[in-house]
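Participant: Between the sequences and the hints, there should be enough to build the whole structure, so can you do that?
Following this note's numbering, the numbering of the sequence shown begins with 615 at its first residue and continues without gaps.
Treat the hints loosely; a few may be bogus.
Taking lysine-lysine and the DSS-like style, the derived pairs with C-alpha atoms no more than 27 angstroms apart in a straight line are [what the hints assert, rightly or not]:
#  : residue 1 : residue 2
1  : K861      : K886
2  : K628      : K696
3  : K960      : K687
4  : K678      : K696
5  : K628      : K678
6  : K687      : K626
7  : K922      : K886
8  : K678      : K740
9  : K626      : K740
10 : K743      : K861
11 : K696      : K740
12 : K960      : K861
13 : K747      : K678
14 : K965      : K955
15 : K628      : K743
16 : K965      : K886
If you're looking for bench data, these hints aren't it; they were derived computationally from the structure.
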Amino acid sequence: MAHDVFLSHSEKDKAIADTVVARLEAESVSCWVAPRDVVPGADWGESIINAIESSRIMILIFSKSANVSPQIKREVERAVNKGVYIIPFRVDDIPPARSLEYFISTSQWMDAFSPPLERHLDALVKTVKSVLKSSPVADANVPAPEERPIPGPPTPAVSWHKSIFIPVVIACLLVVGSTGWYLAHRRESLPVTPTGTPTPVLTPPATVTATPILTPALITPTSPPASNIIDDEEVRRFVTDHYDATKRRNVEDIVSGYDNLVDYLDYGQRDKAFIRNDTVAYFRRWPITWFSFTTGDIAVAHFALPNKVTAYFEIQFLVRDPASGRSNSGRARQEWVISKKSGALKIISQKETVYSD
615 MAHDVFLSHS EKDKAIADTV VARLEAESVS CWVAPRDVVP GADWGESIIN
665 AIESSRIMIL IFSKSANVSP QIKREVERAV NKGVYIIPFR VDDIPPARSL
715 EYFISTSQWM DAFSPPLERH LDALVKTVKS VLKSSPVADA NVPAPEERPI
765 PGPPTPAVSW HKSIFIPVVI ACLLVVGSTG WYLAHRRESL PVTPTGTPTP
815 VLTPPATVTA TPILTPALIT PTSPPASNII DDEEVRRFVT DHYDATKRRN
865 VEDIVSGYDN LVDYLDYGQR DKAFIRNDTV AYFRRWPITW FSFTTGDIAV
915 AHFALPNKVT AYFEIQFLVR DPASGRSNSG RARQEWVISK KSGALKIISQ
965 KETVYSD
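Facilitator: So this is what it looks like as structure tokens:
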């Protein structure tokens, strides 16, 4: 059964969620909320997935508890993948965790942490009804990687310099031509003195330096050479080669894939020396490393210029230190911005969100 709204909330915020549901249903907005609407005996996870996919809007009760809840992250991720419109209803004044921010950074937030709550509920009802009246918007939230639109090259605006350049040149030619005709005609019409002192004739200097006519410069947008245009399959090979080098623990091959300055993980702008030291420290901490991903799942989103892309993919990992007995496993969502310079791909930004098992 389809519903207008799916309520995503931490069990610690059940009282707020119940209040929101009551207010919406009083306005004839149908809602699905757990555990109320989970059919007895039904699979909990399947019920959640079906309810999200059959709803037009997800209202996320965003709180301190929701911010650290793995269940909330999975629900939001599913809503984004299915194109469900997300309204984060913020009841605590805190920034979202990186894993949540990835999915809801472009959603329209509603702050409801200042009392009274009723005033914020009125605004929420108006927003929900407005969304329900409008047509579904496919890109209302952050799209899944494989659904990201690929913007085409920009159409250069017509420059005013170009529009006036030709008339200016024509005018200059007319002025020069008229002046030459006038001087020639005047010389022919001067009277000739038969006797007496000859009329002096002004002789021009041997060399005449022409005064340049300043015209507006024409600025033509330049495109990168064909050798720097990035192909999707080239990106997938580049990512595969990076993790092959990681499996071989070849630090130099790994570092060679980075640009001279990189927006690196959570460290900000770092150079290759920092990345090399960080990679060496990682291998020392985890003597055994294993990575796996599907090349076909690497999604490539293009920028306006064809020499820059963003690659989105997810890896499975397992790392272990036999000496201490420590280990870690899970999956890591990757977001790489890649540029092509002098025919070679380079990582200029690398961000990841880790989900440990």
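Participant: For every hint, state whether the structure bears it out.
Facilitator: Hints, one by one, checked against the model:
{"no.": "1", "hint": "K861 to K886", "in the structure": "20 angstroms, holds"}
{"no.": "2", "hint": "K628 to K696", "in the structure": "25 angstroms, holds"}
{"no.": "3", "hint": "K960 to K687", "in the structure": "31 angstroms, violated"}
{"no.": "4", "hint": "K678 to K696", "in the structure": "26 angstroms, holds"}
{"no.": "5", "hint": "K628 to K678", "in the structure": "13 angstroms, holds"}
{"no.": "6", "hint": "K687 to K626", "in the structure": "16 angstroms, holds"}
{"no.": "7", "hint": "K922 to K886", "in the structure": "20 angstroms, holds"}
{"no.": "8", "hint": "K678 to K740", "in the structure": "25 angstroms, holds"}
{"no.": "9", "hint": "K626 to K740", "in the structure": "26 angstroms, holds"}
{"no.": "10", "hint": "K743 to K861", "in the structure": "52 angstroms, violated"}
{"no.": "11", "hint": "K696 to K740", "in the structure": "24 angstroms, holds"}
{"no.": "12", "hint": "K960 to K861", "in the structure": "19 angstroms, holds"}
{"no.": "13", "hint": "K747 to K678", "in the structure": "32 angstroms, violated"}
{"no.": "14", "hint": "K965 to K955", "in the structure": "21 angstroms, holds"}
{"no.": "15", "hint": "K628 to K743", "in the structure": "23 angstroms, holds"}
{"no.": "16", "hint": "K965 to K886", "in the structure": "16 angstroms, holds"}
Hints 3, 10, 13 from the earlier list are contradicted by this structure; the remaining hints agree with it.
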